[in-house]
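Assemble the whole structure, with the sequences as input and the hints as a guide.
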Amino acid sequence: MQNQGIGGFPYYLGINSLADVATRADRVCVLNILGGESRQVTPTSHVFSGGNVVFGTSPGRSGQSLKTAIGNIPVYNNVREGLDAGHAFNTGVVYLPPSGVRDGVAELIRVNPDLKKIVIITEKIAVHDAREIRAMAQGKGVDIIGGNCLGVADSWSRTRIGGALGGDHPEESLLQGTVAVFSNSGGFTTTIAQYLSTEGWGTTTLVSSGKDVYIHYAARDFAHAFRNDGRSRAAVLYAEPGGYYEQEVDFGKPVVACVVGRWKSKLTRAVGHAGAMAGSGDRAEDKERWFMQAFGVDGLYTPENPIVSRKGAVVTNIAHIPAALTAVMKLSGASPDFAPRGSLSLKPWIANDQGIELPAALAIPPVTAPEPYAAQIAELAKQVGVVIARQNMKDRSGASVMDSKTQVTSVHGISVLDLALEPLQASFALPLVHEIAGPNDGALLDIAVAAEVNLVGDPILVAADAARDAGNSPNTVMAAAAAVVGPKRVARALACSRALIDLFAGSGLKDGRDESFDFGHVKVDEATRALFMAGADEADDPRPEAMLKAVRQRGGRSVFLKFLEALGGRPSRDALLAAISTTIAWSPLVRKRISRLTAETLPWYLRLYGVMVGASIPGDQHQPGSLCGISREERFGEWTMADLCFLAITGKKPTEDEARPLQMLIGLLISNGPGSISAQGAKGAVSADGPQTPDRVQINKAMVGFLTHTGYSHGGNGFEGMAFLLQQFKAADLKDPTDADHGLDLKAMATAFAKSYKAEKRSAKELGGEMRALPGVHHPVFKGKPVNHDPRERFIADFLAARGNYNVFHAFYRELVQALYDTGATPYVFCVNVDAVIAALLLALLWKDYKAGTLTERDLETAAFTVFLYGRMIGAAAEIDDHLNRGRNMDTRTPEAACSFVM
Amino acid sequence: MQLTGMLHGARLLQHVDFPASEVLGPDASEGEIKDLIKRHGQVFIKPLFRGGVGKKGKSGLIGKARDLKTALAEKERLYFAEHRHGNAVAKANGVTFEGGVPAEHEIYFSITDDTRFRAPTITLTHKGGVDIEELGKDEITTVPFDALTGLKAFVIANALSDIGAPKEIISPLVQHLPKLWELMHHYGMTTLELNPIRMRADRNGRLMPVACDFKCGFDRDDPRVARLNLPDHLFAADVSAFEQEVNELRTHQGQSDVFVINEKGTILAPTFGGGANSLVTEVLGEAASISSDFGGNPPYEKMKEVARICYRHFLRQSNVLFIIGGKSNNTDIHETLRAMGDALREHFGVHGPTPLYVVVGRGGPNLVRGFGALGETCDALGIPYRFFGFDSAISEVVNYAKSIDDWMKAGGRDQIATHLGIKPATL
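Chains as they are written, first to last, in our numbering: chain A, 233 to 1135; chain B, 64 to 490.
Just so you know, these hints were derived from the structure itself, not from any lab. For clarity, every value in this text was computed on a predicted model and none was experimentally measured. Check the hints yourself; a few may be wrong.
Unchecked claim - Examples of chain A residues toward chain B, derived with CB under 7 Å:
no.: 1; residue: Asn549
no.: 2; residue: Leu578
no.: 3; residue: Lys579
no.: 4; residue: Ile588
Unchecked claim - Coverage of chain A stretches by chain B, computed from C-beta distances (three or more under 8 Å per stretch; other residues unrestricted):
no.: 5; segment: 263-277
no.: 6; segment: 392-400
no.: 7; segment: 418-431
no.: 8; segment: 436-450
no.: 9; segment: 591-598
no.: 10; segment: 608-616
no.: 11; segment: 823-834
Glycine residues also receive a C-beta, built at the ideal position from the N, C-alpha and C atoms.
Take a look at the structure:
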């Protein structure tokens, strides 16, 4: 049954007035109502319109419904089912995918005799289908708006049909007035309405027409309805090139036409708007001419040259629309609908020039945004530290990465080779603050960790000694100690760091070392002050004073320490630890390089470092006020972390020449990437506690996870190289491994060994046995060339050579790989790998004591393992903090499909 | 996506059994060419252009030959011929040899979707072969027809009557022309033009229409085009490597339309919305590297991938990263800005830092969250930025981005480089 259209048109047109486009009487059926886009948009339209969607369709989902704030919309398999259920509608909205649109339109037309109009939201509809859609609708007498459009809306009737005009809050942009809007661009439909309100113009009906080849409700159709709409005094048209839709259209009332797209003549392909590719005769310039002819103007309207007539004006910049409209309407004595709302001037909401100086015209200061955005931005500003989105972190790390070509690992962007050259304490906070500590922070770190190392009277020492006496490896001993440092042991320190951050968060402090900062305005309440003060249990503990004295002695600067001292009273050790950690974390925190969580938990890591180093020193060396015979005052006031580690391994204070190689060794060992077993252990422990509830993650337990995942093969194998060297040098009379005049014929030694090794290899082959790998020689990546090098070994060798440091063991290794090749034991010259360097450096450090009998071979083995642990605990801290911030609960689990059963 | 010439045209016409002139491709042997000349007396040698090529001025680019020697000489002349149309210069790569069709009548025929009628429309004249724009109104007819019923014989007959076409051509045209609608409608074409169709007489004097030239345009959004099994390289000339990468991500869920404006552009402007795309491309002009529309609410992964590709191709040379759109209706601003920020962070991680100023003009759902996420990334990377909401005129924001670009060129870029710790050599 065909509908009767409006007379005088060579085709069917049903809508006679803009007031009929979107009315409160329209009942709507949405096809594919449960699709992704409709789900977001339809509820808002429905609520805004007072509930105009009677039902929707989604094949196979009959019985489901779409929730909205004013009640659920029922869903049926198809249109007929909905009608049979008693619903009636006159308007269809199509959200189907492109290939389904044509048949959806056919269904609406064929099944519902009351159908009057359809709004097609879908984009990228084939022209083939668009042709047939037009023919079907024309045949039946149904108006179609779209395709590729955002629907229609009416500011008077408060109705919105189809798409998302006005976004989530249409009431904000759809202000009642007297201007109708017709736009080829969906997004700009709303933008134009907003722009109009800056000149005091409100809207009547808004139509988003789309810009496909077929525009089913086009300018001519709009013009007719516009002329017949008593509410609309004027209209704004936004047109793009392509199509003759706007040619010779009589609007009857004033119109501002905006034509954008002169550059499209250059295109050979449509971008975004399928129909906006002009051929000839329908380019942007042509359309400008059509409108200029219709309005009787001879040029475009610009603020500099405001050409208008009573009939209208033509602009090519949408920002000119409001002023052009006001100018046009003024000619007939008409004024805007209301007082101007807002303006279009540049109003940055958020800016940061990062300290770079821009010219004044460009450095526009941010303004207060309109509500509710202003409140949201204020919330953002209050946020201290970076917020990281969580993801699965199995075998992934944001802290460390290994370069596959060089096998060199970087932690937070700094390679371990570079870390090896820094003082050890500079690397201690690196895992958390992502930056190398300078001398001031380094000094503070030395004091903070030193204050934790002496464990006299602490049950931790009992546990560590018991583990040691039971014959456990060094990592197990450390683990026993770390296990005791649980949440209650750090609760107050963490509470202090949290409080300090809260107090200074909005203060404007940028650098924790800036002692000139006036913290007079930072107000502390009684409860917080009490938190910082030492309690009765600490009355006899001399360490708080010792720490403060050491800070002064070393010239350490910290706003937070100054702040604590200014409170009067006696700060607790926990408060001092928190003040130091917050000093170091403050700048990266404020610059949003690290998260608040990281800054808050830093004290836990520092305490753990101290305890683990302390646990590696046998109990009898821990005495009140002295450790291995060195006084507290001396350690706090002068010693570095490297000094402490040397003391722990040898029981003696190192000279500078001794401290440096140890520092390098430890630095080299800091990390081997997230794939290493030690990293996996740390990450798994975090994952198992559940990083998504960070308060429940036991950081000490995560350290235990790292420790238990090292062992004689991973971390403890450093001794293998030393054992090998001990054997090679057994018969040698070597007094000083660092003296080049040792008088040994290294070449001969190497050759002799190479020959016997070759023989051994041959007989092992004949017997079918496995040949032992030589420690310190060869590498699965650095191989195959005639002469091979491990870049990490090269780096250290070059550095030491440049300083004139000689190491006989290292020199021996170089002879060895050459000899192995010369004797034919290896097919080419193997590299000397980094393990060899580590063994050589460490053995040289301990050689004299070993020769003197003060250290046994077992002690050497323990030392090698311990050195590894000192380095790797820094890398573990990095992985722990990283996984805590980024990971998801249980994410390190391996799915069952990746596992297999073996008989 | 356009196709010109009989090399492929003849094959396409075969799908609907429409007669075409005999064609040989550029790899025809001398023997084949000789035979062709023998059969038809005359051959036309035409350069092979890819894609759409305008007709104006092309006449100098058609060769005629009655013998092999001339044919080969023309082949040499035209093999790499250049043709300027509009702002583009097309370069041929090959020639076709087409058998001449002697005829008294030359017909012009085309079908297109005419926006004046909003229906498929034929244009027909028996005074074809020349520029139809020069014909009088009564010599050429333009007739829309119903897409569902299709192009019926009577429509052709009526049209030919209207222009007073000679009766001997009516019956053959009525018989064959409707087939062209089948070709156009069912194989995803948007335009089809045959000019000329020559009416060849058979032994009995009966006339048969033979297509002697072919031009059509395809609808990128119509899967029916795939029925033709046309090789991709036919349309590949249109598209740069960058455009191809991005357009591969083109799905129904969010556009990823992109076009290279200036390979050396200094403003990289991912744009959201067809309207914004129009405005931004217009105002930025040659400063922009691309013209794009990434709207339509793309999901995080897709947006990140698109951003990654854009950065890889254009970030190093860019002064400004300009993310711009109107007040979005459904695109989630947090998702898209977060994706672009994450891609930027990763890009810096892999390729190292590059001096950049970030300007954003946007509105829509989760706007402030999006600003927050992107702002944090910029802070973490140390790059300066300014974000505008929807209450700043979009055209002013675009002008601002241009001003920043100018400032960068006048020394701002070096300032940012120093701040980022980039050594000048790597700039």
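Outcome of the hint check:
no.	hint	result
1	Asn549	holds, 5 Å
2	Leu578	holds, 5 Å
3	Lys579	holds, 5 Å
4	Ile588	holds, 5 Å
5	263-277	holds (count 4)
6	392-400	holds (count 6)
7	418-431	holds (count 7)
8	436-450	holds (count 6)
9	591-598	holds (count 4)
10	608-616	holds (count 4)
11	823-834	holds (count 3)
Comparing the model with each numbered hint stated earlier shows that all of them hold.
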